[in-house]
Amino acid sequence: MDIRVEVTVLGSGIGGSTVAAILARQGVSVALVDGAKHPRFALGESTIGETSFLMRLLAARYDVPELAQVSTSGGIRQHASHRCGIKTNFGFVYHRPEQEHDPYEVTQCSVSEGPFGPESHLMRADIDQYLFNAAVRYGAVAREGVRVANVDITAEQAIVELANGETVHSDYVIDATGRTSVLADAYGLREEPSRFLTDSRTIFTHMRGVRPYDSVEESSGQPNLWHQGTLHHLFDGGWMWVIPFDNTDSSESDLVSVGLNLDTSRFPKRDGVTPDQEWAEFLERFPAIGRQFADATTAFPWISTGRTQFSSSRTVGDRWVLMSHAAGAIDALFSRGMANTMAVIEAFVPTFLAARTDGDFSAARFEYLDVLNQSILDNNDKLIAGSYIAFQDFDLWRAWSKMWYLAWNLGVIRVAGSYYQYLENSDPAVFDRLHQGPVPGSFCPELPSAQVQFTACFEVMRRVQRGELTPADAVPELAWLLGDGEASPSPLNLHDVLRRWHDGSMEAQKLLYDWGRTAAPLPLRPYFDYDRATIAKAAAEVLAA
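Taking the numbering used here, the leading residue of the sequence shown gets 1, the next gets one more, and so forth.
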């Protein structure tokens, strides 16, 4: 049987289902194909502001309210799932092996204040299925549990042969199949070894009976409870995530997502050592973490990976594109995976719609997507590689984490500002600015000086790695580079790189807005050209959707 559509989307996870729903809503005929069936497990469970605002932006621009509904914890609870948690903060607790934890050695970034409510811990099985169902409602032809047998892309069309005997003919193929990318395998796109500097591996599972860290360790005076956010346990050579789905009274889940990430140069995978044994050894090394997991049991067996990082030589071709997680992956440290996915979708959809109008599906037409995809991955790689270097020393971690804090703020500023302006004037041209900067895919594309600043900060970390600079000497260098950067907002006070708490209050956001309108570099000021009253109106509309 032959199926004829305009676009074939391979993979129906959060990325594939999102792009399929948007295109179908815009009147594009779509086939959505996946070798698995919903519901199914997926990683990428913690949202950040950039992810949530990109979802709201896409929902408003393309009239897909389901994306707005899953962009807030309240909307998720009302429409999609009762098995998700909330995230009021990024928490980082530093540990030394065979020692009790020093309560002073912590940092926390509050992310929750504002009319949209806290960020979310997503039970991806539920959220992915909700968006998949939305794509089907908008007209996508779905094939679940059907493996792709062959892909043949010619000058005239893309032909996808399915293992059930069906053949899908389309103008274009979007590959959202992640690490096991169909097109990367077909075209030999994977770089071996991966070019990325980060070199880590992961063991992960869902667990029951995980104690809130607040109950096993005295308070450090942090603004929010650790259990109300995404908790990161840091140590020299790695880190672990603790993502509770059970941290709100409205959640019907008793699960917590747990993942241990290890620098492979420090902790190579050992033959004959099972993930259970590795986990037990880890808990013995860190007493406070051991207490948190003293009664915990796994919901399914530990999954142990090889190297987490993978990369691709190119991400676009004639009549095809790789979505973000099919293009490459770094490490889950700063929860940027879903944000990267939504950023690529935001850039891809208008490019595709224009190409569809012109009948031009050449690689050249989508070249910007390759630049964006690759640059996003390369910059995230340096951010995380620098973090693994920083894990050797608590003060060095505090200083380097301000680079992440700056990048996080710049991302939200750009996306949220564009979203609010669109709500005020309904002009999609406001989104063009997101892609007109001279350094696409960087944390501040409008300012080359910001990329120079980031590169200089990363070079400080590389000097530490090479033994040319001590952590103690690196801290003031980072303070100078971060504090005096052109794109460093003065309200963030980045000179104080040893600050432990990062303020996400509405008062702090108002100071940032005032800086943006009066003192920000000129290329950034357009992102603040909106009325702050629009924030509450936008939240009311999203929460009522």
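Mixed in with the good hints, there may be bad ones.
Stated by the list, open to error - Label-pair distances were calculated between CB atoms; the ranges are:
(1) A299 x S29: 53 to 63 Å
(2) D484 x K37: 24 to 34 Å
(3) A533 x R462: 44 to 54 Å
(4) P521 x R466: 28 to 38 Å
(5) D484 x G272: 46 to 56 Å
(6) L511 x A364: 41 to 51 Å
(7) R525 x R266: 39 to 49 Å
(8) E192 x D249: 24 to 34 Å
(9) R137 x E98: 49 to 59 Å
(10) F267 x T297: 37 to 47 Å
Said to hold, decoys possible - Each computed EDC-like pair below joins lysine to aspartate or glutamate, with the alpha-carbon atoms no more than 16 Å apart:
(11) K510 x E144
(12) K37 x E144
(13) K37 x D126
(14) K510 x D529
Just so you know, the hints here were simulated from the structure itself, not pulled from any lab data.
Don't be surprised by glycine CBs; every beta carbon is placed ideally from N, CA and C.
Check the following: the C-beta atoms of A533 and R462 are separated by a distance inside 44 to 54 Å.
Check passed, 46 Å falls within 44 to 54 Å.
Status of the given 39 to 49 Å range, CB of R266 versus CB of R525
holds (44 Å)
Range agreement (Cβ of A364 with Cβ of L511, hint 41 to 51 Å)
holds (44 Å)
Has the given pair, K510 with E144, been kept, meaning a C-alpha gap of at most 16 Å?
violated (47 Å)
Hint check: K510 vs D529, CA-CA at most 16 Å. Holds or violated?
holds (13 Å)
Assuming the hint says 49 to 59 Å, is it satisfied by the Cβ distance from R137 to E98 or not?
With Cβ atoms ~55 Å apart, the hint holds.
Is K37 close enough to D126, meaning Cα to Cα at most 16 Å?
Distance of about 12 Å is within 16 Å: holds.
Does the Cβ pair E192, D249 satisfy 24 to 34 Å?
violated (48 Å)
Range hint compliance [Cβ, P521 to R466, 28 to 38 Å]
holds (33 Å)
Verify the CB-CB distance for D484 and K37 against the hinted window 24 to 34 Å.
violated (53 Å)
T297 and F267 - C-beta distance against the hinted 37 to 47 Å:
Given range 37 to 47 Å: violated, Cβ gap about 24 Å.
For A299 and S29, compare the CB-CB distance with the range 53 to 63 Å and indicate the outcome.
violated (39 Å)
Violated hints, listed in ascending order, are 1, 2, 8, 10, 11; each of the other numbered hints is respected by the structure.
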